[in-house]
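> Chain by chain, the residues:
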Amino acid sequence: MTAIAGRKHVPVPVRDTVVDMLDDLARNVRARIIETSHRTGTPHLGSCLSCVDILVAAYFHTLRIDPAAPRDRDRDRFILSKGHGAPALFQVLAMRGFYPEAMLEHYGEDGGIFAEHPPTPKHLPGIEAATGSLGHGLSMGIGMALSARIQGQSYRVVALLSDGENNEGSVWEAAMFAAAQRLDRLAIIVDFNRWQATGRSEEVMAINPLAKKWRAFGWSEYEVDGHDMRQLLSVLSRIPDGSGRPIAIVAHTIKGRGVSFMEDDNNWHYRIPTAAEVAAAKRELGVAS
Amino acid sequence: MRNAFADEITRLGAVDPRVVLLSGDIGNKLFDGFKAHSKERFYNCGVAEANMMGVAAGLALNGLRPVVYTITPFTTTRCLEQIRVDVCYHEAPVIIVGTGAGMSYAELGPTHHSCEDIAILRVLPGMTVLCPCDAVELRLALHAALAHDGPVYMRIGKKGEPIIHKTEPEFRIGQAITVRAGDDVCLISTGNIMPVVLAAADLLEAQGVSTRVESFTTVKPLHRERLQELFSRYRVVGVVEEHSRLGGLGGSIAEWLVSQADGPGRMISFGTDDVFMHEVGTQDYARQRFGLTAENIARTMLERWRPH
Numbered sequence: 001m002t003a004i005a006g007r008k009h010v011p012v013p014v015r016d017t018v019v020d021m022l023d024d025l026a027r028n029v030r031a032r033i034i035e036t037s038h039r040t041g042t043p044h045l046g047s048c049l050s051c052v053d054i055l056v057a058a059y060f061h062t063l064r065i066d067p068a069a070p071r072d073r074d075r076d077r078f079i080l081s082k083g084h085g086a087p088a089l090f091q092v093l094a095m096r097g098f099y100p101e102a103m104l105e106h107y108g109e110d111g112g113i114f115a116e117h118p119p120t121p122k123h124l125p126g127i128e129a130a131t132g133s134l135g136h137g138l139s140m141g142i143g144m145a146l147s148a149r150i151q152g153q154s155y156r157v158v159a160l161l162s163d164g165e166n167n168e169g170s171v172w173e174a175a176m177f178a179a180a181q182r183l184d185r186l187a188i189i190v191d192f193n194r195w196q197a198t199g200r201s202e203e204v205m206a207i208n209p210l211a212k213k214w215r216a217f218g219w220s221e222y223e224v225d226g227h228d229m230r231q232l233l234s235v236l237s238r239i240p241d242g243s244g245r246p247i248a249i250v251a252h253t254i255k256g257r258g259v260s261f262m263e264d265d266n267n268w269h270y271r272i273p274t275a276a277e278v279a280a281a282k283r284e285l286g287v288a289s
Numbered sequence: 001m002r003n004a005f006a007d008e009i010t011r012l013g014a015v016d017p018r019v020v021l022l023s024g025d026i027g028n029k030l031f032d033g034f035k036a037h038s039k040e041r042f043y044n045c046g047v048a049e050a051n052m053m054g055v056a057a058g059l060a061l062n063g064l065r066p067v068v069y070t071i072t073p074f075t076t077t078r079c080l081e082q083i084r085v086d087v088c089y090h091e092a093p094v095i096i097v098g099t100g101a102g103m104s105y106a107e108l109g110p111t112h113h114s115c116e117d118i119a120i121l122r123v124l125p126g127m128t129v130l131c132p133c134d135a136v137e138l139r140l141a142l143h144a145a146l147a148h149d150g151p152v153y154m155r156i157g158k159k160g161e162p163i164i165h166k167t168e169p170e171f172r173i174g175q176a177i178t179v180r181a182g183d184d185v186c187l188i189s190t191g192n193i194m195p196v197v198l199a200a201a202d203l204l205e206a207q208g209v210s211t212r213v214e215s216f217t218t219v220k221p222l223h224r225e226r227l228q229e230l231f232s233r234y235r236v237v238g239v240v241e242e243h244s245r246l247g248g249l250g251g252s253i254a255e256w257l258v259s260q261a262d263g264p265g266r267m268i269s270f271g272t273d274d275v276f277m278h279e280v281g282t283q284d285y286a287r288q289r290f291g292l293t294a295e296n297i298a299r300t301m302l303e304r305w306r307p308h
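Going down the list, the protein sequences come from chains A and B. Its first residue numbered 1, the first sequence is counted upward by one per residue in the numbering used here. Its first residue numbered 1, the second sequence is counted upward by one per residue in the numbering used here.
Fair warning: there could be bad hints in the mix.
[As the list claims (entries may be wrong)] Which residues of chain B face chain A? A few of them, derived with a C-beta cut under 10 angstroms, are: (1) Asp7; (2) Arg11; (3) Val280; (4) Leu292.
[Said to hold, decoys possible] What follows is a list of derived Cβ distance ranges for each label pair: (5) Met176/A / Leu108/B: 21 to 31 angstroms; (6) Gln260/B / Ala275/A: 50 to 60 angstroms; (7) Ala216/A / Leu257/B: 17 to 27 angstroms; (8) Ala206/A / Arg304/B: 19 to 29 angstroms; (9) Glu202/A / Gly46/B: 27 to 37 angstroms; (10) Val258/B / Ser154/A: 28 to 38 angstroms; (11) Gly152/A / Pro125/B: 49 to 59 angstroms; (12) Leu108/B / Glu116/A: 58 to 68 angstroms; (13) Gln228/B / Ser154/A: 33 to 43 angstroms; (14) Leu292/B / Ala206/A: 35 to 45 angstroms; (15) Asp149/B / Asp72/A: 15 to 25 angstroms; (16) Phe270/B / Thr198/A: 43 to 53 angstroms.
[Stated by the list, open to error] Beyond 12 angstroms from chain B on every Cβ pair, some chain A residues (computed): (17) Leu63; (18) Arg64; (19) Ala174; (20) Ala178.
Just so you know, these hints were derived from the structure itself, not from any lab. Where a beta carbon is used, it is the ideal one built from N, C-alpha and C, also for glycine.
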């Protein structure tokens, strides 16, 4: 996919070594997600793979967070509003140090905590909101951003939405309210992989032009290639961006990104990879077995 | 009750910096007093109740005590999933206030009627349901709700309801209030229908039937000890509420009544508990967790069937 220059987006310089390190992390996260899906029968592989680079950019570069103090009052808040991306988030949080990676060995076990959606903040460090039903995360994020304003805090709130999630009316209620409140320390990223569960998002709900919709709703909008680490780091460094408005980042992505036979194939919304497919995927990702 | 609510929340907001008032584009002049001293803690969230409820949860999870206010159907069923997921699943201390209990807005038609709200909200795990019968109970309930670390639904009337309590009763969540003593029959009620219940008690008294009246301000959690006392003492007990007979206070008491070991119904209820299952697992695991297995059903039935 060709890089998409954002309408207003002027990249800020990022060191090559940082980009290389994050790209490397993202490859590893992808491999772990695919392995876990195979081992535990967890679906939504395509949706997880499309948002990996965004999660890595946020958790390893942008967010002011301390895994040793996950409830710190002044931490930035990140909400995975597209809750079905949890298998990706679980890996990223473990790698970032919020809990031991060994905990993920119990993924999918009866009585455990890891399955298909994020649990509540009381049940897993690093989680800000339990999601799974679409169209909830942004409103909760607005409440968090308002809390900061009321209590004189300067933390930022970032919510990751799917393009299908933009079907939900509550998203647009939230869009108008955040704009009215001029919550400039609030941002959304839309993982725009052009698919929802059972069809092309443009065909199901006429989602385009998505960035313009957010702009029309009073947000400061950006468009980036959601797999270009340099663009992601750059755009995420603009919260707030000086416009006084909340920020909508439309990240153009590919569902199933990173594995040729999964890319842009919506069967991988629900399909579970075989052992042979896991091995093939890891070879493509350049991750050792 | 509406004015008493505005008055009391204005007072509470002045002394408690955690109180944030969210309104769904109603109560135009009602909250001028609150805005006068706490403008930065009042939000007109517009006609967008789903968002308003999610925002409230976000506030509550970050140290504040949001109070959400609009007309009953719009603060309950309109945004039910936000209440269930954002508020209850997160155990977020949000106070949800619905004005226009039951048929308070009868002339506005069924869109504004509220005769299912108790039934629907009381089944949500962790939810406390309070239905004050007058302005006195409302003020006490609001204080108690703010002191309570969890979600509360408060169902209030409109304006101009008579005062029932001439003196301030002792109020605790989960505790019924005896409004009138009596020896022959008992009327249990919740919320804004209380004046009618008291008038009925007067009619009974005129017939020489001594009538006790109980105010169950708290529908959930139910005051079981009081029910035990009432049902063992009175042969005839009536439950009155301005709400559907399905699932409200009456339904709630009926569930309790038939589950009594020595009760007349002898019904054993198998089902999920009043909780969210936070741990994950297979359907079989979940069924086991709640005793929904053939072994448990058979064992429990046998225990009840065989005399000890």
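> All hints, please: hold or fail.
These are the hints, each one checked on the structure:
{"no.": "1", "hint": "Asp7", "result": "violated, 23 angstroms"}
{"no.": "2", "hint": "Arg11", "result": "violated, 19 angstroms"}
{"no.": "3", "hint": "Val280", "result": "holds, 4 angstroms"}
{"no.": "4", "hint": "Leu292", "result": "violated, 15 angstroms"}
{"no.": "5", "hint": "Met176/A / Leu108/B: 21 to 31 angstroms", "result": "holds, 26 angstroms"}
{"no.": "6", "hint": "Gln260/B / Ala275/A: 50 to 60 angstroms", "result": "holds, 56 angstroms"}
{"no.": "7", "hint": "Ala216/A / Leu257/B: 17 to 27 angstroms", "result": "violated, 57 angstroms"}
{"no.": "8", "hint": "Ala206/A / Arg304/B: 19 to 29 angstroms", "result": "violated, 59 angstroms"}
{"no.": "9", "hint": "Glu202/A / Gly46/B: 27 to 37 angstroms", "result": "holds, 29 angstroms"}
{"no.": "10", "hint": "Val258/B / Ser154/A: 28 to 38 angstroms", "result": "violated, 56 angstroms"}
{"no.": "11", "hint": "Gly152/A / Pro125/B: 49 to 59 angstroms", "result": "violated, 34 angstroms"}
{"no.": "12", "hint": "Leu108/B / Glu116/A: 58 to 68 angstroms", "result": "violated, 42 angstroms"}
{"no.": "13", "hint": "Gln228/B / Ser154/A: 33 to 43 angstroms", "result": "violated, 54 angstroms"}
{"no.": "14", "hint": "Leu292/B / Ala206/A: 35 to 45 angstroms", "result": "holds, 44 angstroms"}
{"no.": "15", "hint": "Asp149/B / Asp72/A: 15 to 25 angstroms", "result": "holds, 21 angstroms"}
{"no.": "16", "hint": "Phe270/B / Thr198/A: 43 to 53 angstroms", "result": "violated, 36 angstroms"}
{"no.": "17", "hint": "Leu63", "result": "holds, 16 angstroms"}
{"no.": "18", "hint": "Arg64", "result": "holds, 16 angstroms"}
{"no.": "19", "hint": "Ala174", "result": "violated, 5 angstroms"}
{"no.": "20", "hint": "Ala178", "result": "violated, 9 angstroms"}
Figure legend: structure checked against the earlier numbered hints; hints not met, in rising order: 1, 2, 4, 7, 8, 10, 11, 12, 13, 16, 19 and 20.
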